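S.K.: The lines below spell out each chain.
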Amino acid sequence: DTEVTQTPKHLVMGMTNKKSLKCEQHMGHRAMYWYKQKAKKPPELMFVYSYEKLSINESVPSRFSPECPNSSLLNLHLHALQPEDSALYLCASSLDGGSRGGGELFFGEGSRLTVL
Amino acid sequence: AQTVTQSQPEMSVQEAETVTLSCTYDTSESDYYLFWYKQPPSRQMILVIRQEAYKQQNATENRFSVNFQKAAKSFSLKISDSQLGDAAMYFCAYTPFNYGGSQGNLIFGKGTKLSVKP
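Which chain is which? The protein sequence lines are A and B, in order. Once you know that position 105 of the first sequence is 105 in our numbering, the rest is easy, because the numbers rise by one and skip nothing. Once you know that position 16 of the second sequence is 16 in our numbering, the rest is easy, because the numbers rise by one and skip nothing.
Source of the hints: derived by calculation from the structure; they are not laboratory data. As the structure is a computational prediction, the values presented were derived from the model and not from experiment. One or more hints might be untrue.
Pulled a few chain A residues facing chain B out of the computed Cβ check, cut under 10 angstroms [what the hints assert, rightly or not]:
1) VAL4
2) ASN17
3) LYS18
4) LYS19
5) LYS22
6) TYR35
7) LEU45
8) CYS68
9) PHE107
Ideal Cβ placement from N, Cα and C applies to all residues, glycine included.
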């Protein structure tokens, strides 16, 4: 099983809503990532969790709140978002945050978020 | 700063022909990995091929091969016998070799959109 599963695939929310994106992997990976991708642009790193501890936070606004309940799960809690936050949110995992496993990231299919 | 540059925003190839996508990068590291990821309209980023910088031999994966020129910091992707399913956005990516730290960040180029004509 080499999947990274993200739910929901599509999410539409208002600026006052609170919602969450979920990501799950069962590959035994110990590092998980959230990326934001705007149309026709490369993914931009938001957060990295390594061994369930937040190791990288790329100056993301506090309206995005990550959570790593265990080594298989990664959530992204959304609150008071702006229309410019509409994007594809990609979850990824790797063996660890270093270079074991060749540095490869395994990506999910993404959650398409639209903020009205 | 480490950067990855893809100078071709769009490319087109006839089915069954060969196409080469360009990528250059800048780093002061001596150990690193380079990747080509494919992102079709279905959205999922899929690893196409990986190259370890310490290996002189160019990586190959079936119809996909790279031309890795370490001194020139160049990492191009060649797709042979192009198929309709190869149509996608292709991202070149770099990550420094990390001895057990917690970096693990991929630095992406801006991408090349590949169209395959039947």
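S.K.: Please go over all the hints and tell whether each is borne out by the structure.
M.R.: A quick look at each hint next to the structure:
Among the interface hints, the one on VAL4 (chain A) holds; its C-beta lies about 9 angstroms from the nearest C-beta in chain B, closer than the 10 angstroms criterion. About 23 angstroms separates the beta-carbon of ASN17 (chain A) from the nearest beta-carbon of chain B, more than 10 angstroms, and the hint is not met. Taking 10 angstroms as the C-beta cut-off, the interface hint given for LYS18 (chain A) is violated, the closest approach to chain B being about 25 angstroms. A distance limit of 10 angstroms between C-beta atoms decides the matter here; for LYS19 (chain A) the minimum to chain B is near 19 angstroms, and the interface restraint is violated.
For LYS22 (chain A), the interface hint is violated, the least distance from its beta-carbon to any beta-carbon of chain B being 16 angstroms, above 10 angstroms. Given hint, TYR35 (chain A) at the interface with chain B, holds; its Cβ is 9 angstroms from that chain's nearest Cβ, closer than 10 angstroms. With a cut of 10 angstroms, the hint placing LEU45 (chain A) at the interface with chain B holds, because the nearest CB-to-CB distance is about 5 angstroms. Taking 10 angstroms as the C-beta contact cut-off toward chain B, the hint placing CYS68 (chain A) at the interface is violated, the least distance being around 13 angstroms.
For PHE107 (chain A), the shortest C-beta to C-beta distance to chain B is roughly 4 angstroms, which falls under 10 angstroms, so the interface hint holds.
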